Structures are given as structure tokens and as C-alpha cells.
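**Student:** What follows is the residue order along each chain.
Protein chains: 2
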Amino acid sequence: MSVPGLSINFATVRQLGDFGAIVDGCLKHGITAISPWREHIHAVGLDEAARIVKANGLTVTGVCRGGFFPAPDETGRRAAIDENLRCIDEAAALGADCLVMVVGGLPKGSKDIKGARAMVADGLAAILPHARAAGVPIAIEPLHPFYAADRACVNMLGQALDLCDALGDGIGVAIDVYHVWWDPDLDAEIARAGAGGRILAHHICDWLVPTVHVLNDRGMMGDGVIDLKRFRAMIEAAGFHGAQEVEIFSEVWGAKPGDEVLATCVERFRTAC
Amino acid sequence: MSVPGLSINFATVRQLGDFGAIVDGCLKHGITAISPWREHIHAVGLDEAARIVKANGLTVTGVCRGGFFPAPDETGRRAAIDENLRCIDEAAALGADCLVMVVGGLPKGSKDIKGARAMVADGLAAILPHARAAGVPIAIEPLHPFYAADRACVNMLGQALDLCDALGDGIGVAIDVYHVWWDPDLDAEIARAGAGGRILAHHICDWLVPTVHVLNDRGMMGDGVIDLKRFRAMIEAAGFHGAQEVEIFSEVWGAKPGDEVLATCVERFRTAC
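Residue numbers (numbering that gives the first Met the number 0), protein chains in the order written: chain H, 0 to 272; chain U, 0 to 272.
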């Protein structure tokens with residue numbers, strides 16, 4: 000039985016093994032949409048990853064991830080741009096719906112978040128022509144403000160959309176419920192994103208109460224406080240009908256057998272999302 | 000040697016002991032502005048706390064804390080309002096500059112953050128007449144979005160100011176650098192707060208990279224990535240010249256002798272803020 004509309008981010012079932020093993024696990028549960036990380040792609044090689052995708056008719060809802068533009072000096076920023084150009088080529092080879100951007104935080108030693116944000120805008124502008132030529136939409140993922148210093152200084156949907164407006168075509172947003180569920184302007188910004196054709200991905204998981212670890216305590220859908228059905232309705236009303244991609248970083252779920260995690264994802268996708 | 004412009008929140012030096020012991024510790028370092036928690040007030044009794052404040056000519060930059068308005072039912076919400084009325088009386092008895100509000104998160108079992116926010120607005124409206132009559136300004140403290148579910152569903156300065164605008168006189172904001180430093184609209188919202196006469200308190204600490212604990216890993220000023228001098232300049236340009244109140248929840252600093260913590264606060268206040 001297939002599960003249309005459900006995608007699995009490889010981070011959710013890292014314990015299954017390599018690219019092929021994770022795909023096999025997904026297929027066993029009828030899941031034909033995936034979102035791999037570059038480390039999974041590199042481990043088997045880009046050609047083999049592309050072959051697996053094509054042979055199984057998979058949808059690649061995103062490649063994780065480009066970004067990390069801010070750096071203390073011009074050499075570092077140039078290196079980041081070059082790395083992002085390679086990310087684009089890999090996403091193109093897999094026919095991915097988008098390349099997800101975790102834009103980066105403060106350069107080491109810096110307290111200048113405005114400066115970091117300017118570096119992000121410059122970096123995105125620098126890679127966008129290549130992304131457009133390659134047919135790879137760039138998806139800025141606003142990350143929870145908790146990660147502003149060390150992972151992403153783009154922290155709100157509206158902020159990401161302002162960037163998109165400044166940058167033009169070929170760029171949009173990956174909306175992860177975990178990062179934005181609390182946003183006081185969420186409804187309006189989702190509608191704005193949809194009106195601009197900017198929604199490129201919809202990531203799901205849940206926010207646990209209490210959240211005990213900073214990085215690895217995301218919840219399975221239905222176990223937390225995010226109103227996922229209402230969220231999905233907003234996303235669909237805004238015109239996005241792509242798959243919902245499960246991305247769960249969790250010590251709890253990472254310690255369970257991958258097959259059990261996938262079975263739970265399917266069940267919760269049907270009942271809680 | 001006195002340290003004008005520096006206030007110590009009792010949470011920063013809890014290890015010193017009771018209300019009187021913390022005040023003695025502060026006075027030894029020339030600090031004459033304090034911000035006690037209700038548990039410290041209750042432990043010695045309100046009359047004794049007021050006596051200590053008056054006898055030493057202390058400034059009370061805030062009382063921590065009222066709030067926690069959302070509740071699953073009307074009885075719970077009514078009880079929260081009654082408790083807040085008592086908070087106001089205590090803050091009045093101490094002649095506090097403001098009563099700090101940690102407004103509360105989602106009611107148990109709820110996924111309705113909009114509903115929780117409405118309960119907060121209703122609760123604040125219910126207590127405001129008493130606060131005005133008692134001469135106690137109410138200071139909404141927007142908390143970092145990390146706490147949206149379980150502590151405060153008011154998470155941005157602009158959101159708090161919208162509430163103030165809707166509620167009228169006698170209410171403003173406590174601006175804690177830890178909670179709002181990442182806000183893309185920070186400059187504009189601080190200016191807005193100042194223009195409206197809404198800045199009632201300025202709390203300081205720092206954001207560490209990495210931040211390893213969810214609740215108790217705030218940094219001493221100068222040890223993290225917040226541009227505290229720029230922040231202070233914005234606050235002062237907005238017209239607030241009250242003391243900067245050090246509020247550090249930290250397992251690291253909580254394990255050091257209180258006297259050492261206070262000495263460090265004074266030194267960092269002079270060099271890093």
C-alpha cells in the first residue's frame with residue numbers, strides 16, 4: 000500500500016544504514032518520496048544515488064543541505080559559495096524539488112547578526128544564477144531562533160520571504176513546523192508565501208513539552224503541541240500540495256529500529272497530520 | 000564604591016541565601032538595585048522584605064513574577080488572575096518599578112496557541128485596573144520562542160507592544176537581551192517601545208555558543224554573542240535610563256560562590272555592557 004504525500008528525511012531513520020538501505024526501508028512501507036542528506040549521497044556516490052532514485056521512481060522532496068554562508072573572511076565566504084554550487088549540481092542530478100538552505104549563523108568571534116544576515120543575502124545572490132540554470136529551486140529554511148547564533152540567522156518565515164522578494168525567481172522557503180509553529184504572524188506569512196509561489200517544502204515533526212535536549216529531542220507527529228492538521232490546512236490553502244516530509248532529530252527515535260520508526264511515521268501521518 | 004545602573008536579579012545569586020543575605024551581598028559590592036522573586040519575599044515575609052528595601056534605600060527594578068494566565072478552564076483562569084492581584088500588592092509594598100509578567104504557555108492538553116494568547120490578553124486586561132490603582136506598572140516580558148509552549152506564548156517584542164497598545168496605560172515591556180537579541184525587527188521595536196514609553200526593565204546576561212542546557216545555561220555578560228553595548232545604546236536612545244538588571248540562570252554560575260558571581264557581574268557590567 001502506498002502512502003502518497005509522505006516523504007522521509009534520511010535524518011529520521013539514519014539507523015537504517017546507507018542511501019540504498021534507507022530507500023529500501025521506505026519502499027517496504029509504500030513511501031516513495033525521500034529527502035537525503037549530502038553525506039548519504041556522497042557515501043554511495045552521486046551516480047549511484049541518482050540511479051536508485053530513477054530506478055525506483057522516487058520523488059526527492061529536497062536535498063539537505065546547502066547554506067552556512069557567513070565566514071570571518073572573504074576566503075571563507077568564497078569557499079562556502081563554491082560548496083553551495085556543488086550542492087546545486089548534486090540536487091540537479093537527483094532531480095530534487097529543492098535544495099534546502101540552512102543559511103548559517105554568526106561567523107566565529109562575531110556578535111554582528113546583521114552582518115551575518117547580509118552575508119547570507121550576498122551568498123544566496125551569488126549562487127542563485129547557477130541554481131536557476133540548473134533548474135534547482137533554492138529553499139531557505141528559517142530555523143528556530145534557538146539556532147540563530149550557530150546554525151541559521153534567518154529565523155522567521157517573514158524574514159525568509161523578505162529575502163526571497165529581494166532575490167527574485169528561483170528561491171523560496173522550506174517551512175518546518177518545528178521552527179515556526181510559535182510565530183505570531185504564522186498564518187499571514189504562510190498565505191504570503193503561497194501567494195508568491197514560494198513554498199517549496201513542508202517539514203513535519205512535533206514540539207515536545209518538555210523539550211529536554213537542545214538538538215535531538217524533536218517529537219513524532221502527534222506527541223507534541225503543534226496543531227499539525229491546522230498547519231497542513233494552511234499550507235494547502237496557500238497552494239502547496241507537495242509531500243509532507245518527516246524530519247525528526249531525536250535520541251529517542253534514533254534508538255528504535257528504523258522499521259518501527261517508519262511504521263510510526265506512516266500511522267501518525269494518517270492520524271495526526 | 001557604588002555601582003549605579005546595575006541591578007541584581009535574585010535568581011543570579013540564589014546561592015547566597017534569603018532576601019536579607021542577598022541584599023547584604025549586593026550592598027557589599029555597592030549594588031543598591033535589586034529584583035527579588037516572590038519566593039524570596041514570601042520566605043521572609045512581605046513586611047520584612049519591605050523594611051529591608053526601605054532601610055537600605057534600595058531600588059527594586061522589578062518583582063518576579065506574575066503571569067501564567069492560560070488555564071484549561073474558567074476556574075483556573077480566575078485563580079491565575081487572583082494570584083496576579085496578590086503579586087501586584089506585593090510589588091506595591093516594595094515600591095517596585097514594575098511587576099514582571101511571564102505570561103504562561105499553552106494550557107495543559109492544548110495545541111491552540113492563539114487561544115492561549117487570547118487568554119493572556121484577557122488576564123492582563125483583568126488585572127490592569129488594580130495595577131494602575133496600586134501604581135505598579137505591568138511589564139510583559141517576551142520570552143524566547145523556545146518557551147512558547149510551557150512558559151510564555153508572548154515571544155516577540157512587537158507582539159508584546161501590540162498587546163500594550165490594545166490595553167492602554169500602565170503596561171509596558173521588560174526587555175531581556177537573552178530572549179530578543181535575535182529578533183530581525185529588534186531595532187525598530189526597541190525604538191517603538193521607547194516612543195510609547197513602554198520600556199520598564201532591561202535585563203542582561205549573554206547567549207553562549209554552544210548553549211548546552213535548555214533552561215540553565217545563560218552566560219555572564221561578555222561570554223557570549225550578544226552585542227550588549229549596542230543593545231544598551233539602543234535602549235538608551237529609546238529613552239530608558241533605568242538600571243540594567245542581571246538575570247542569569249546557570250548551573251555554572253549557580254555553583255560558584257555568590258560573592259564571586261557578584262564581583263564578576265560588577266566587572267562585566269563595567270567592561271562588557
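You may find that some hints are simply not true.
No distinction is drawn between identical chains; accordingly, a pair holds when it is met within one copy or between any pair of copies.
Derived DSBU-like pairs: lysine-lysine, alpha-carbon spacing no greater than 35 angstroms straight-line [said to hold, decoys possible]: (1) Lys255 / Lys228; (2) Lys53 / Lys107; (3) Lys228 / Lys107; (4) Lys107 / Lys27; (5) Lys113 / Lys53; (6) Lys255 / Lys110; (7) Lys27 / Lys113; (8) Lys53 / Lys110; (9) Lys255 / Lys27; (10) Lys110 / Lys228; (11) Lys53 / Lys255; (12) Lys27 / Lys110.
These aren't lab readings, by the way, just hints derived from the structure by calculation.
Computed from a predicted structure; not experimentally measured.
**Student:** Check the structure against each numbered hint from earlier and tell me which ones fail, lowest number first.
**Tutor:** 2, 4, 5, 7, 8
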